[in-house]
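Colleague: Protein chains in written order, with the working numbering: chain H, 62 to 181; chain E, 1116 to 1349.
Careful, some of the hints might be misleading.
Away from chain E, derived, C-beta distances all over 10 Å, residues of chain H [claimed, not checked]: (1) S78; (2) H104; (3) E123; (4) H131; (5) K135; (6) H150; (7) K162; (8) R172.
If you want a taste of the chain H side facing chain E, the calculated C-beta under 7 Å gives, among others [unchecked claim]: (9) I88; (10) A91; (11) S93.
Only pairs whose alpha carbons sit at most 35 Å apart, straight line, appear in this in silico DSBU-like list of lysine-lysine [to be verified]: (12) K1327/E / K129/H; (13) K162/H / K1152/E; (14) K1290/E / K1170/E; (15) K1290/E / K135/H; (16) K129/H / K1152/E; (17) K1170/E / K1191/E; (18) K129/H / K1237/E; (19) K1237/E / K1152/E; (20) K1191/E / K1327/E; (21) K135/H / K162/H; (22) K129/H / K162/H; (23) K1191/E / K1290/E; (24) K1152/E / K1170/E; (25) K135/H / K1152/E; (26) K1290/E / K1327/E; (27) K1191/E / K129/H; (28) K135/H / K1327/E; (29) K1152/E / K1290/E; (30) K129/H / K1290/E; (31) K1290/E / K1237/E; (32) K1237/E / K1327/E; (33) K1170/E / K1327/E.
The set of hints was computed from the structure by calculation and includes no laboratory data. None of these values were measured; they are calculated from a predicted model. Glycine included, C-beta positions come from ideal geometry on N, C-alpha and C.
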Amino acid sequence: LNLSNQRGTALLEGVVSLPLFGLLISITLAGSYLAFARMWLHHESYEALICLATTASVESCENRLREKTHAVLKIGDFYFVNLYRDHLHAELHAQFRCGEKIQFHLRDSLRLPLLAGGLR
Amino acid sequence: VTFLTKERGFVLVSLLLILPVFISILAILGASSFLLKTDQETRHQCRLELLAAQKTVSEDLARLLLLNPLADSLRKRRALAPNPAALAEITAEQMALRLQQQILIQHARLVSHHAPLMAQQKISSALNRSIVGISRLSPRFSLHGGEFPLEASPEDSLTPHYETDRNFEQRQAMKVSWTFPVENYLSANTNTSWMKSNFENHHVNLNSIHAKGECSATLQMEGRQWRPILNGDR
């Protein structure tokens, strides 16, 4: 009787705790992915701005940003990417979406030429 | 009392089971963060160094091209020299101008050649600031200096007219690339060595993963001047 009671308690606790552990792991994994995504997107945004300051075309900089992001971030996609450059500035405005509710707004700019203080 | 102890034990064992998952996630996030930060810093130093070198070269080039009208006029005067005394006087002027031309050319070539080496030192310093013990990191560098290619006409003149080579932009490009195994990075840093052992415990072969970086700069004609610019894929 005692043994079956112990088994029952363990089973009951398992039923209650397993979904909780599952939830905890899911939240941790999702949080880590988002933290990494944020870090990576900021890194690649800056690299895209540097690309705009090179001899590369705006289209190739956008393609490079999309390719490098897709290569690492398998969940989510760019909703839009706007890259712009003139003689004085390079600008980026983009939005990356992971599902419907989670969005990363990326807005950054560099002063050109780079030697005049654009690099940071 | 017996039941309570066992229940506590069950929760504790379950927590212990998922602890490696948390630690692994933390290790991956931490390693990525360190690597991205280092990558940004090294690329920044490389770009800054190569652009500054190209700026110096562009200034030398501009000054060299400014000497062309004087070089042309001296050649014409030499061709029309009425007597040996006048020829000697023009030759002396040409020798002085030639010296100026050669100083500018040699300086530009020296800077073009040494800039990648200077960039390598800056990159090593940047790695050294973020990592304890650069020697253990053993990064491999590949350096390519600019040629500063010029066309002199006439070639046998004391003071030729200098023009940039037709492929000047490509041939003046300086490039530095570097790579090191991620394993070296994690083991060299006291803050990240625990990550390495964590990856090893999970049989992740870090030696096969390499961190890579590169930067390249050249001179590009803008308006009527050569300006330093970072190289990118067209």
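Colleague: Tell me the hint numbers this structure goes against, listed in increasing order.
Modeller: As far as the earlier hints go, 1, 2, 9, 10, 20, 23, 27 are violated by this structure, in ascending order.
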